[in-house]
Every structure is written in C-alpha cells, then in structure tokens.
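If you want the building blocks of each chain, they are given just below.
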Amino acid sequence: MALKPAFVTEVQEAVRAHAKLLPRGGGTKTALSTPRAEQTVLDMTGLSGMLEYDPGEFVFVAQAGTPVAEVEKLLGQHGQYLPFDPPFVEAGATLGGTVAAGLSGPLRQRYGGVRDFILGVKFVDGQGNLIKGGGKVVKNAAGFDTPKLMVGSLGRLGILTELAFKVFPFPKATATLKVTFGSLEAALEALYKLAVSQFEFYALDLEAHPATLTLRLGGLSEALPVRLERLLGFLGNPAEDRRLVLEGEPERGYWRGVNRLEFGEGYLVKIPIQPKKILALETALSTQARCYLSAGNLLYLNWLEPIAELDSLLKTQGLSGLVLRGSTSHDVTSLESPFIGVNLEQAFGNRVTAALDPSRRFSPEP
Amino acid sequence: MQHKIPVSQLGPQGEIMAHAIEACVHCGFCLPACPTYTVLGEEMDSPRGRIFLMKEVLEGGLNLEEATPYLDKCLGCVGCVTACPSGVAYGELISTFRGWSEPKRQRTPFQKVFRMAIQETLPYPSRFRTAATLGKLGKLMQPVLPQFLQAPLNLLPDELPMAQPLPEVIPAEGARRAKVAFLAGCAQQVLQPNFNWATLRVLAKNGVEVVIPKGQGCCGALSMHTGERERALGFARNNLEAFPPDVDAIITNAAGCGSGLKEYHILFHGEPESALADGFVKKVKDVSVFLAELGLKEPPALKQPLKVAYHDACHLAHAQGVRAEPRKLLKSIPGVELLEIAEGELCCGSAGTYNLEQPAIAATLGERKARNIIATGARLIVTGNIGCFTQIQTHLRKLGKEIPVMHTLELLDKAYSG
Amino acid sequence: MSLSANPAGLLADLARALPQERLLSQPAQLTPYESDALTAFRARPCAVVLPETSQEVLETVRLCAKHQVPFLARGSGTSLSGGSLPIDGGVVIGLNRLNKLLKLDPQERIAVVQPGFINLHVSNAAAPYGLYYAPDPSSQPVSTIGGNLAFNSGGAHCLKYGMTSNHVLGAKVVLPTGEVVELGGESLEGLGPDWLGLFVGSEGLMGIALEIRLRLLPKPEKYHTLLAAYDSLGKAGEAVAAVVASGLLPGAMEIMDSLAIEAAEAAVHAGYPMEARALLIVELEGETPQVEAEAKYLSEVIAQSGPYEVRVAKDNDERMRIWKGRKAAFSAVGRLSPDYIVQDGVVPRSKLGQALSEIERLSHQHGLRVANVFHAGDGNLHPLILYDGKIAGELERGEVLAGEILKMCVALGGTITGEHGVGMEKKEYMPEMFTPQDLEAMHRIHRSVDPDELSNRGKMFPSGEAPALSHGAHPLEQAGVISRE
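Protein chains in written order, with numbering that gives the first Met the number 0: chain A, 0 to 365; chain B, 0 to 417; chain C, 0 to 484.
Hints were generated in silico from the structure; no laboratory data involved. Backbone N, C-alpha and C define an ideal beta-carbon position, used for all residues, glycine too. Heads up, some of the hints might be wrong.
Unchecked claim - Derived EDC-like pairs: lysine to aspartate or glutamate, alpha-carbon spacing no greater than 16 angstroms straight-line:
1. Lys323/C to Glu261/C
2. Lys3/B to Glu220/C
3. Lys389/C to Glu14/B
4. Lys131/A to Glu439/C
5. Lys389/C to Glu21/B
6. Lys275/A to Glu220/C
7. Lys171/C to Glu344/A
8. Lys192/A to Glu220/C
Claimed, not checked - Coverage of chain B stretches by chain C, computed from C-beta distances (three or more under 8 angstroms per stretch; other residues unrestricted):
9. 14-23
10. 46-59
In isolation and in its complexed conformation, chain A is listed as follows:
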C-alpha cells in the first residue's frame, strides 16, 4: 500500500500514523524503494515543484519529489546545471531520491558530488516534526550540517520534503576525448598523471575492457581546440585508432547514455573506491559491465551473480557497496540489506539515528 501526500503536513501525519515507513521518489533505485512487508510506502512525487529560483543567484529551492529532469530543464534554460550530475534523470529520478541515495555522476569530477552542492534541507523526523537545516545561500556555518547528513541516508533519518542547492554555469562548449590503452595498468598510469596535472576535467572516467579513459573538457569555445591539442600532446599524441573526439550532439548523446547506467540484467551497485584499489579488484572481475567515474573514485558495477558473492568479494578488497537496483532476473525483494561489503556501522551513526528516529519508523529492521 502507498500513501501519496500532497502537503508536508500530510507527511507529518503519515509518520505519526505508521510504525514503518519507506519514502519513495521516482522509484528508479528499486533496491532502495521496494518496501518490506511491514513498510508503508510514502510516494513523495506529490510534493513536487520548484519553490525558488533566481538564475542570477545560482541557487534554487525545490520540493523533494521534484523530478531531476524538470530541474535540469529549467536550469538549462539559463545556461546552468547540477554540477554533481545525478544519474537516472530520464528514468524519472527525483531530487529527494538522489540525495537519499547519495548519487552523483561523471561530472562530479569537476566540482564535487551531491554532498558538495546541497545547501539546505527540510525533513520530517521520526516523531513527525518538520525540521530545517542549513539555508539557501552558498555559504552557511550556522548550526549542524544536517543537509550533508541527509546525503546517502536512504530515508532512514527522516523524510526529505524540501531541498536547496547551489548550481553553476554550464560550460559554453564541451568536448570529449576517448583514449584506449594497451593495458589497464597503462590506463591507470595515465589516469594518475592526468589527475595531478593542471588539466581540468569535467569527467575523467575509466573503463577496464578495453582499457579506456574518457576525458571531458569544458569552457569557452575559443580555448577548447588548443586545450584539446595540449591534452593530446600530454598523452603522447595517441594514434588515430586509439582515440576518438566527440563534440556537439554526439557528445551530449554519449553522456546521456552514461547517465542511464543501463547495463541490462543484473544488480547495479555503487562502490566508492580509490584508484589504488582498482587493479586488485579488476583481477577478481570478469565480464561484468562497469564504469569507474571521477578519476577512479566511484564505481558503478553491474553484477550478474548472486549478491552474496559480491558481498564477500568486496569484503576481501576492503570495499563497501550499495545495491541500487535489480532487474527482472535479479530480484531485490530478497536482499537482506542494500549495503554490502565492509560494514560501515559505528557508534556515532547509531546514536544520531536513534536521536532522529527513536521509534525506528524508518528502519527496515523490525
């Protein structure tokens, strides 16, 4: 059963009235939005729409159920964008769902992820109180940073109702260079060199098979050709058959494709990682579709085997993962928890969780 509140007060009433609740936005991350038997789903898409947006301010406030696509469309009309680049835009991801899942995309390479752009939040806590944190100006040090706290909280600390973000101007021109390497080691070596170089990338992605770096440059169109040339020079002018430059609509289309994270059947898992851990992990992976974003800091992995196998693999690699969704053949209802790999629980988190949700209304566990 699902409730669909249209006002914040209805969210508060729902919280007070139900013992177990699971907020859901666009439902694009099925592993996070599929309820357990005892959970009542709170469909947040009724709380939708931009509340404040002055393009000259580069800040907006919107209801949590607002589809990201709607936000991006409006921002785009003013040459602006969400620099953290949330995925699943076409599929209907909402702002609230993106924050609760803590998801960013390839463009996070340039200026940071969702945690770096959230300014303010309103949420309903486990007792039905409407709580505000942060503000709607680009800099704010007053009070605890509850907006950041909510990033990745999966609705387990409170139900997001309103969010404020800062945004940036989208570069006037972009170009993307794909370069393939003879080996993963060679690609990683180039990644390291690029990451400490003075080149500024909007995206710095790595694929393992074939070992490929995808580099996105952005800026003023008059400077782009020479920057691209310098970049090729820095990479030792790779042969024509090892490089591909994308511009214009094909380039934008390529990145829309990446944003879908559409790998077919399997479990889609988010894995925070570091470049130094990639080689070891890669030796344990085979044909699974995957992409390392943001200079080897963020892995989106499509897993075809039972999730328990990935769980133990991640543990041996010292990594943790979050299962985002399954597919028809990869059921998410049977997942014990979307968190796999190394357990990140600690006393600090447990206490804060209990403070905000003392009755454990938002906890999936009984």
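We have chain A already, so just place chains B and C on it with the hints.
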C-alpha cells in the same frame, strides 16, 4: 578586550606599554613567527600570550614574579612585529616593560651577580677582552664547570684576535660622496675586529669619509633590552653628546646596535633629551642601507661562482625592516649566487645576551638554524650581526660543518680586494 | 557545570597521566588561554593540557568524562566567534603539539594530518607535487586543520571548490564519551548517511578529531588576478553581480571598502589605490588558454561596471601582495580602532548592494564606523564594527549594531554566519534562523553523541551556560531581550 592599565600612575613609560597592549587584537598571526612558541608550543611563550601577561601584571591581576619566567624567555627578536597586521609595537612594549619591572623583581644573589657581570663586561671592549681572555682559561676547565657557565664559554673563540685600535678619521678614496659617523660596537671589536676594518675599507672605497667619535660607548641596547633602563639612559646620553651633528648619517654594522640606537626616542620618551634623541634616530642607518642608497661601486667578479646564504639578523630584518638592501649589495658582486634559508624569519637564538640567560632554548634554535642553513648547500654564510655570527658558527661546528661565516661587509671587502 | 563535576579529582588523575610540564594550572599559565581571537569574552579554565599523542588526548577526554568536567579542544585559538573560548572551570586541551603530517600521498592526492597541523603547512608540504589544499581562511598561516574542521572554515577561494567540509575525506574522532570512531573514508564518494559531513562544522560539540584525511587539488596552471577600484561601494557590489551573471566562475571575488583599504595598506603596503572607496579583487584560475580567454570577458564585464582604475597582477609577487593585503585586513583594522567586532553574515549575492547600504545606514544611526572587507562572490559579508572599549557605551552600541546587521542578513534570506561559526558570539541569534523545533532536533543529535554536554559546552546553542563576560552583561540581556540562564 577591556583594558584598565593605570597609565596615569605609570607615567610616560606606561603610555608606551598601554598603547602597544591595546593595539593587540589577539588574532594569533604572531604565533608562527615566534621562536619560543615554535619551540615550546605554549600560549604564554607567544607574543600574544606575553602581551596578555604584561597586561594582567600592569592591571594588578597577576603577580609579576608569576609572569616573569615566560617574559624572560622572550628573545626580543621582534619577529612578531613583522608578522603583526595590527601594528603592535611589541619591541617597545617588552623593552619598556622590562625597564619598568626590573627594579621590582626579586632576583637571587646568583642571578644578580650573573646579570651584573654581563652588564659590567659586554658593553666595555677592554673589560670584555680581559674577561674573554680569562674565559680561555675557563675553556680548559670547561668539563668540570657547572652548566650555567658552559653557555658563555661555548660561544668564545679559541683564539682571540689582537686588539687593533681604530683611527678617528678615515678619509674617502677619490671624490668624497658622503661623510658619516661610525659606531664601533662593543663585543665585535674584541671578537671580530675585521668586521669594522672591512666596513671602513668598503666605505672609503665608495668615497665615504668616516669619523669614529672618540667619546662613543655602548649603544645601550643590551641594558635596554634586559630592563636596565637607567644604565641604558647613561649610555645613550653619552652617545647623544659624542656623535657630531655635521654628518650625513650615523652608521652601524651591527644589527643589534642599529636597532638599539633607533630606539633612543622610546628610551627618552618623556625625558628632557626627547627632541635631541628624535633627531639622532633619524640619522641612524645600517651600513648596508647606507651603501645601497648611496649606490655601490661595482666590485670585480669573483674568481669562481660562490653559493652564499644570507642570514637575516632579527635586529636588521624585524627590528629595522632591513631585508632587501644587504641582499642587493651581495647580488651586486658578480659570481655570487644568493640562497634563501628556510624559516629565515626565525631567530637563530643568539639575541643579545639570550644565549647566556636561556641557553637551552638558544641552543635548540641555534641547531634548527644551523640545519636549515646546511640544507641550502651554501658554501658561505653571510650575516650582518656579531651575535648571529657567533651563534651560527658555534652550531654549525656542533653539527660538524665548517662552513665559513662572514659579515656582509667582509664579503664586499674581499670582493674589492680580489 | 553539572553537580557531579569533580575538577579536583580530574586534576589529580591528569597529574598522574601527564608529565608535569604538560599540565598547566598556574595563573600565569592559564591567563593567556582565557581568550581566542574574539577578545570580548574571557573565561578561566581549571587546567590546560598539552597532549603530544592521540593516546594522551583520548586519556584526557576519558578522564574528563569520568569526572564530568567539560573540556574544550583548541588549536591556535584564532576563532573569531569565541569558538575556542575556554569553558569556565573546564579543561582546555591544546592540540597545537599534535602537529604531524602523518601521510602525504601525492598519487592519491591525499594528506593525513594531526589536528594541530597548520593549514598553510598542508599546501607547503604538497607544493613539490604540484598540489595544494584549497580552503584558505585568512588565518591560514596560523590556524590548525583541527580548528578549521570544527568550524568548517572558509576563505577567499571558496567560490569554486567550497569550504573545509568539501575537502575533508575522513577523520578519526574521539567522542565525548571516550569512544573512538572513524568517519568518512578514503574515497571522494561515500555510502550511508554523511556522518563526517555532520561532524565537520559541529563546533567541537561532538568530540575531537585525532587524525584528519584531506583531499589535495592540483595547483591551477594560471592565475589572473584583477584589481578594480571604484568610487562607490555600490558599484563594486554591482560588478560582482555582473561577473556572476556573466557565467564566469572566478576562484575568488573580494571587496574591501576605504577603511579596510587604509588599514591593509598600512599593514602590508600592498600598493592598493588609496583613494578608492571600494576595491574589487577578482581572480580567475585554471588552464592557461581557458583563463586567458576568460580574462577577455572579465575585462569587458569589469569595464562596464564603471571602475576608475583596473590593474592586473603582472607576476606572482604582485598577486601575493594583493592577497596579503586582503588577508591581513581584519587584524590590520586594529590600527584604525582599539577595538572592533567582526560579523560574518551572508546575503544572497543579488542583495549585496541593498545589504551594504543598510549597513551604512545602521553605521550612521549608531554613530560607529564600520569597515567592510568580504567574500563578495559568496555574498559573505564581514562588517567590522569599530569602537573604543574605553569610551562608555561604545561596546554596547557596537553589539546592538552587530545584532541588527545579523537580523538584516536573515531577513534578506541569508544566514548569521558564513564561515566563522556561531561559537559564543552569535548563539543568541540562532533563533533568528531556526525554529525551536529545529534547534531541539539539533540538541537531540548533540545529546545523543554527548549526553553530558562535556565537549565545548555552552557554545552554538542559545541559552547555554552563561559565559564569563569581560565586559558585564550583554546589552540585549540588560534590555531583557535575551537571557543566558
């Protein structure tokens, strides 16, 4: 901060102290610039902390004797003055406070004798020569002497140069471009007489006539900075009289003496000689500044290139703001590659009589300085102060490095003479 | 302090746990710790502890918990909000000796430091690898990473890459209960609630960071630093709005007014045009071809904003001089006035002009000079209210004026603090921003981590324990508007 310093009771010296204390906004920019804070890591051993302590003592909130252990650790290097954005005149504050507090202090008989020995010896070249000669005997007995006597002995050279009395006038070579009076300094006359001879030769070479007033004595800085205000006034009065008014500048080649002379207007604040002192101060210049302003006659090129590290004496760089001029002179010697020393703004620990009074901290700072100097890879160290010269030489040797140390003017002199 | 507090027992235990020279309790040792960089407040701790290892910090925290004595951890004591003011009768844990660089991994672009490590030293250590640590509070040669973390310090270059919080990847933390937890991780990405994000900027209320993992950025290839002089503050404010609207994204945009220019010039001889009513500093940074192309657009935007003089830094020395003046400006204002209050409010950038003229009006109304030097690109104002503490009533008038400026910032849609934190100074203004329910939720979070409120007790939350004021009751207290009971 609320201040209740009883300026009316403290008199003119109180005004100087209150003015400096009230200018401090407690921002902490002085902390990394302070050698004792760097070494000890305690707020009361920082300029900001000491200002707080002096304030409390003056306002009656703290006993003087409780504050003095921390105030005594101050080197008076005034590195904090360079770092201070608010313009707190810390140097004036600490000197004035020491003068104000010294008569009120309860010192042990030993401390009294030790201080008296310094005050009665160092400012007088002839007495110092005698003491230093005795010190040579002391060196032989060093292994059996108590700790407090080790520090002064460590700094004495093994061989004392012959006394070479300076003439009263040194004429300019060629056309006279300027006429200056020269302060000969106390300890350096005994320890490194060549500093003065080199200075005089370089000045003459550059067309400067130098008079060396016969009646001159110690600048008084030593007494001023250790709270012996009356003694300092005596020295200063003597110099006001001894130096002729008809010179273009009063020149020193010792950083400590230069900054001492430049503090005469503070010393005489509220005294009858106040106006006279103001006029005197305006004429005082370090020899490097004077030569840089005059325009140095270019020395011939060195036979081979030389890596030189210039060490900023605190009483030149911080107290007088003199950094560029000595570097400019050194760079004008063809073949000199000038190197900068890491943490160059940090005191070497010499600081007048500091290495006699606080040998442990002085030694820590000396070693730190020596290590930073060694790291430059320089083949020669140049500085503009006798205290730094001795301290650096001592600590380089302790680390087993025999890198020669020279006065800025000695290198210029050598360059001229080929 | 709670009834069960046992400072005597604590001192006895501390004396057993630490060498004598690192446990300070004599009046002359405590006095210098009584204030941080906000000298309007003073408080006397019962002791100052100077640990040299994480273990000693842990031990001290555990003993404080055992004896129920509150503690304050501080680095260099440069807080402008009274954040590092001691708790009356509590313990000060001075972390400045925990100043080691534990790890520098240029390949992974990570530095791990102890909390007493100085901000600028991170960039110095990273410089040989072409890397730097981005947050640059004006206090960066002095302030420590631990303090920066506790107060989420900002700086002039926050426009593009954010504040301290955006550059801390992880921290090992001792909670006020004495437990040790790891927050954050090694990756730029995380999983689960952003506990580290909550901890950063929590003003020392949730414990002490023992090890801090920082992210380093490659140093920009090229800087283009432009200085524009205007005959009015309003014009400079409009220029900022125009630059923001143009779609350029400078690394920094700063404004100084005539009083601040005068002070900074006296302090560091930056070579600023002295007759200017307002100076705007705009700095572009990035790849050379991009910056050179942007510089052309910037020149056009600036030219249209009506400056009477524009300079571009020719070399790094000139750039450093421009920044030195800006960064010394706060303390330099000490040259113009024996005392001042710094405010830190933020307004939406489009309302900068409105806010500045309101500050000017308030300044006239209260008969006190106000110097302005601020992060214009962020809308982060720093009005410095000049007063003379020796003149009866001036401090009180200054505090009323400061309060009115803060309320104005909130009314315009902004906040009471952009980067200095609430600390002691602005806690009574928290209700201007947050409802009792908001504050209660923060309090719940706080108490869940620190049930006895031992860590930096009395800060940030309104109506905490009354501080020891060096100047008597707050004017708003006298007027019955606020209470510290």
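(request) Please flag the earlier hints that this structure goes against, numbers listed from lowest up. (result) 2, 6
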